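S.K.: Chain B: place on chain A using the hints.
Taken in sequence, the protein lines are chains A and B. According to our numbering, the residues represented by the first sequence are 1 to 281, in order. According to our numbering, the residues represented by the second sequence are 282 to 401, in order.
Source of the hints: derived by calculation from the structure; they are not laboratory data. Just so it is clear, the structure is predicted and the values come from calculations on it, not from any experiment. Just to be clear, a hint being listed does not mean it is correct.
[Claimed, not checked] Only some residues are given here: those of chain A computed to face chain B with a beta carbon under 10 Å:
1. Asp143
2. Ala168
3. Val170
4. Leu183
5. Tyr228
6. Leu272
[Said to hold, decoys possible] Here are a few chain B residues that sit away from chain A, every Cβ distance over 12 Å (derived from the structure):
7. Ser289
8. Asn291
9. Ala292
10. Val297
11. Arg299
12. Phe316
13. Leu317
14. Glu322
15. Ala350
16. Asp360
17. Asp363
18. Gly371
19. Ile375
20. Lys390
[Stated by the list, open to error] Pair ranges (Cβ atoms, derived):
21. Lys85(A) <-> Lys370(B): 21 to 31 Å
22. Met96(A) <-> Ala329(B): 37 to 47 Å
23. Lys399(B) <-> Arg153(A): 48 to 58 Å
24. Glu3(A) <-> Thr319(B): 46 to 56 Å
25. Thr337(B) <-> Gly18(A): 34 to 44 Å
26. Pro330(B) <-> Leu148(A): 31 to 41 Å
27. Glu81(A) <-> Ser327(B): 46 to 56 Å
28. Pro295(B) <-> Pro77(A): 33 to 43 Å
29. Lys399(B) <-> His157(A): 48 to 58 Å
Beta carbons: idealized from backbone N, C-alpha and C, even for Gly.
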Amino acid sequence: MPEFEPITGRYFTMDVDGKPCRIYVEEAGTGIPLVCLHTAGSDARQYRHLLCDPAITDHYRVIAFDLPWHGKSNPPPGFRETEYKLTTDLYKETVMAFCAAYELDAPVIMGCSMGGRVVLHLALEQADYFKAVIALEGSDKLDAYYDLDWLHRPDVHGGEIASAFVSAQVAPQSPDLYRWETLWHYMQGGPGIFKGDLYFYWHDGDFDDRSPLIDTSKCPVYLLSGEYDSSCTPERTQATAARIAGSKATVMQGIGHFPMSENPELFRGFILPVLDEIRGN
Amino acid sequence: MLETLKDSVNADAPLVRRGRWVNLTFLLGIDDEDFLVTIAEGKVESVAPRRLATDTGRFTIRAGKETWAEHWSVMPKRDYHDIWSMLPKGLAKIDGDLLPLMQNLQYFKDVIASPRRKEA
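Here chain A stands alone, though its shape is the one from the complex (with noise of 0.2 Å):
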């Protein structure tokens, strides 16, 4: 036999916005549950690191899917009547959906990007539910820098486009084999699933109104992004921080936009003191 990885993965449906949605996760370990969200375009493949890594299984139920249209989930019935577009409302419904078909108790939420973002909103919202929530390349407000119709037009290859992009988030010194393959989940994205998940990331999920109001001793709030990170700076963590009073914000130096799936070994010297503490150690 070979040797399995310690990840399972499994396929359900739930309802999201009325509708059914078939959904696919991926989990490992035993513990606190750890709910992991990812980039915009992407899917869940970002975390297999933390997947299979005993120093957060054994002490952490780590569980990542992939959202609707993404992945191997699949998109809603009648997708090709509407155009994707992550809304606030719809992204939050999600997470919570999902966290409610698990019947998870007091689940820590690590996002990253936009899933960086949603943390935020849910960190406000439900502050009595969350452990914690961990913001990787998060802050509340960003600016646009392009015009995202490139990504969904018939005379450019959306998977290439949409790679070529958010190569320039990741940091020179990550290796190249997980260099290209945190590209690789970019060009295997659904057509308009990327611009549609930036409608969230760079209008819809403005929060930097709201963020002040985080009560962080109900809700414990971490941010932690690379220093090559191009969209979400570490300026931008740090305006963030500084609007939520009692958040920790960490800059971590040679990592980019991807951090679990671009440099997993570095980026476990970051993500290990924040997950031992949120437990207690």
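M.R.: Below, chain B alone, put in the same frame as chain A:
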């Protein structure tokens, strides 16, 4: 550094293969000086200073001399490491017909980064 661009691209067979559908001239600006970079089937045919007012290309990428020097260093500082990071930071500007650039974006980014030094 620009003098090495032609040879470094043409010696990189996988890069040439990825650009095999590219046939055009684009302008690369360094400070106030523009260079015409002519590509045929993914290979760089020539890199030449712009001499005539009518010399032009499908699109233009311009940045300052010091910005390009950092871009081409062994381990560029953040914001200088990729054209798509230089743009939001205001370190580079693009103009012209962006369609062929977008259709082959990783190729062009790699072509322009190809003079990057491998060792300190």
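S.K.: Against this structure, judge whether each hint is valid.
M.R.: Cross-check of the supplied hints:
1. A distance limit of 10 Å between C-beta atoms decides the matter here; for Asp143(A) the minimum to chain B is near 8 Å, and the interface restraint holds.
2. A hinted interface residue such as Ala168(A) counts as satisfied when its beta carbon comes closer than 10 Å to some beta carbon of chain B; here the least separation is about 3 Å, so the hint holds.
3. Taking 10 Å as the C-beta cut-off, the interface hint given for Val170(A) holds, the closest approach to chain B being about 8 Å.
4. Because the smallest distance between the Cβ of Leu183(A) and any Cβ of chain B comes to about 9 Å, under 10 Å, the interface hint for this residue holds.
5. Nearest Cβ of chain B to the Cβ of Tyr228(A): about 5 Å, under the 10 Å cut. The hint holds.
6. A distance limit of 10 Å between C-beta atoms decides the matter here; for Leu272(A) the minimum to chain B is near 24 Å, and the interface restraint is violated.
7. At roughly 17 Å, the least C-beta separation between Ser289(B) and chain A is larger than 12 Å, which holds for a residue marked as non-interface.
8. Against the 12 Å criterion, Asn291(B) stays outside the reach of chain A, whose nearest CB is about 21 Å from its own CB.
9. Against chain A, the non-interface label of Ala292(B) holds: every CB pair exceeds 12 Å, the least being about 18 Å.
10. Val297(B), annotated as away from the interface, keeps every beta carbon of chain A farther than 12 Å; the closest lies near 17 Å.
11. For Arg299(B), the shortest C-beta to C-beta distance to chain A comes to about 10 Å, within the 12 Å cut-off, and the non-interface label is violated.
12. Chain A leaves Phe316(B) outside its interface by the beta-carbon criterion, the shortest separation being 22 Å against a cut-off of 12 Å.
13. Every CB of chain A is more than 12 Å from the CB of Leu317(B) (nearest about 23 Å), matching its label as outside the interface.
14. Every CB of chain A is more than 12 Å from the CB of Glu322(B) (nearest about 18 Å), matching its label as outside the interface.
15. The non-interface label for Ala350(B) is consistent with chain A: the shortest C-beta to C-beta separation is roughly 16 Å, beyond 12 Å.
16. With a minimum CB-CB distance of about 6 Å to chain A, Asp360(B) fails to clear the 12 Å threshold, and the non-interface call is violated.
17. For Asp363(B), the condition that its CB be more than 12 Å from all CB atoms of chain A is violated, with the nearest at approximately 4 Å.
18. Not every CB of chain A lies more than 12 Å from the CB of Gly371(B), the least distance being 10 Å, so the non-interface label is violated.
19. With a least CB separation of 10 Å from chain A, Ile375(B) falls inside the 12 Å interface cut-off, contrary to its annotation.
20. Once the 12 Å rule is applied to beta carbons, Lys390(B) is inconsistent with being away from chain A; the minimum gap is 7 Å.
21. The supplied range of 21 to 31 Å is met by Lys85(A) and Lys370(B), whose beta-carbon atoms lie about 28 Å from each other.
22. Between Met96(A) and Ala329(B) the C-beta distance comes to about 60 Å, which lies outside the given range of 37 to 47 Å.
23. A C-beta distance of roughly 36 Å is found between Lys399(B) and Arg153(A), which places it outside the suggested range of 48 to 58 Å.
24. Separation of Glu3(A) from Thr319(B) is about 52 Å and conforms to the stated range, judged on CB atoms against 46 to 56 Å.
25. Look at Thr337(B) against Gly18(A): about 54 Å separates their beta carbons, and that is not inside 34 to 44 Å.
26. Checked against the hint of 31 to 41 Å, the C-beta distance between Pro330(B) and Leu148(A) comes to roughly 36 Å, which is consistent with it.
27. In this structure the supplied range 46 to 56 Å holds for Glu81(A) paired with Ser327(B), their Cβ-Cβ distance being about 50 Å.
28. A hinted range of 33 to 43 Å for the beta carbons of Pro295(B) and Pro77(A) is consistent with their spacing of about 42 Å.
29. In this structure, Lys399(B) and His157(A) break the distance hint of 48 to 58 Å, their C-beta atoms being roughly 30 Å apart.
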